[in-house]
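Chemist: End of the sequence shown sits at 282 in this note's numbering; the numbers just go up one at a time, nothing left out.
What the hints contain is simulated information worked out from the structure, not anything from laboratory work.
Just so you know, even glycine gets a beta-carbon here, dropped at the ideal spot from N, CA and C.
Certain hints may be false.
Below, a list of computed lysine to aspartate or glutamate pairs in the DMTMM-like style, where the Cα atoms sit at most 20 angstroms apart [what the hints assert, rightly or not]: (1) 138 <-> 114; (2) 138 <-> 150; (3) 70 <-> 37.
So the derived label-pair ranges between C-beta atoms look like this [as the list claims (entries may be wrong)]: (4) 45 <-> 92: 44 to 52 angstroms; (5) 247 <-> 172: 23 to 31 angstroms; (6) 115 <-> 232: 15 to 23 angstroms.
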Amino acid sequence: MIHAHSARWAGAATARMSDAFGVPYVLTEHFSGFQRDAVVPWRWPLVETGFRHAHGLAAVSSGLKDAIAKHGLAAPEDVAVHPNPVRTALFTPPPDERPAPPPFRVVTVTGLNDRKDVGTLLEAFAQAFRRLDAAVLKIVGDGPRREALEEQSRRLGTDSRVDFRGQLDRTAVREALWEAHAFVLPSRHETFGVALVEAMATGLPVVATRCGGPEDIVTDETGCLVPTNDPDALAEALRTMRDRWASYDPDRIRASVLDRYGPEPFVRRTQSFYRRAREASP
Numbered sequence: 001m002i003h004a005h006s007a008r009w010a011g012a013a014t015a016r017m018s019d020a021f022g023v024p025y026v027l028t029e030h031f032s033g034f035q036r037d038a039v040v041p042w043r044w045p046l047v048e049t050g051f052r053h054a055h056g057l058a059a060v061s062s063g064l065k066d067a068i069a070k071h072g073l074a075a076p077e078d079v080a081v082h083p084n085p086v087r088t089a090l091f092t093p094p095p096d097e098r099p100a101p102p103p104f105r106v107v108t109v110t111g112l113n114d115r116k117d118v119g120t121l122l123e124a125f126a127q128a129f130r131r132l133d134a135a136v137l138k139i140v141g142d143g144p145r146r147e148a149l150e151e152q153s154r155r156l157g158t159d160s161r162v163d164f165r166g167q168l169d170r171t172a173v174r175e176a177l178w179e180a181h182a183f184v185l186p187s188r189h190e191t192f193g194v195a196l197v198e199a200m201a202t203g204l205p206v207v208a209t210r211c212g213g214p215e216d217i218v219t220d221e222t223g224c225l226v227p228t229n230d231p232d233a234l235a236e237a238l239r240t241m242r243d244r245w246a247s248y249d250p251d252r253i254r255a256s257v258l259d260r261y262g263p264e265p266f267v268r269r270t271q272s273f274y275r276r277a278r279e280a281s282p
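Model the full assembly from the supplied sequences, consistent with the hints where possible.
Modeler: The structure is reproduced here in structure tokens:
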């Protein structure tokens, strides 16, 4: 069995390998470009080849599955939803109970680029928490928009409460999550949301945008969803989270991750995926 990840790069090559060696292949799609209509024209024949000849198809979220169907690459019933796994053994609850606010500590782990839309988060944070001692925001990650975002924070008057931490290793990311009361994901497009699920694995409640991936992940027990590119709605959600964060059960939040995104369910899904593909191959 050959397992290709994303038809954009691996699909056509895997189809040729499968044909040359007589080995079936499956394809798991991750690429957000199907949601954003961002596949360049010359690549479409390669993408279509990868989808057309696969013996099994999966997408990492329902939103991505719908986008694949919209582009006519596969019928919805032919695409399984197989979410990514996360490292639940690393992303654990903190050893000590999180101290109560103030200040209310918000964290995001993200790239600093247009698609991740940290600018809307900065606007929402400034709107939601006008008092200097009300809240702090920690931004973990780096990218081409960092300088512009730092300047935006200064312009909004929040630079003393917004901490741009840059790129951190996984252990340091976990420690940043341990120090927070809530996690926020402000993206315009996500096919899944690994950082979101890692935060939930530590027991954090979350605020996320309806951007394609979080709709499968976030429930009323684990947080709330807001529209993309809407600082007013995000500000209101942040204020509500500040008032309600203690009502969320960290153990139930983590349990929701273990049930769906831990290593055991991932292995079961993958084994079943391979079995069905072998049965479908000539």
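Chemist: So the hint says 23 to 31 angstroms: do the beta-carbon atoms of residue 247 and residue 172 match that?
Modeler: 29 angstroms, holds
Chemist: Falls inside 44 to 52 angstroms, the C-beta gap from residue 45 to residue 92?
Modeler: Because 45 angstroms falls inside the window, the suggested range holds.
Chemist: Is residue 70 within 20 angstroms of residue 37, Cα to Cα?
Modeler: Holds, at roughly 10 angstroms.
Chemist: Check the hint pairing residue 138 with residue 150 against an upper bound of 20 angstroms on the C-alpha distance.
Modeler: Holds, at roughly 12 angstroms.
Chemist: If you check the beta carbons of residue 115 and residue 232, does the distance land in 15 to 23 angstroms?
Modeler: Given about 21 angstroms between the Cβ atoms, the range holds.
Chemist: Hint check: residue 138 vs residue 114, CA-CA at most 20 angstroms. Holds or violated?
Modeler: This hinted pair holds, its Cα atoms lying about 18 angstroms apart.
In summary, the structure agrees with every hint in the numbered list given earlier.
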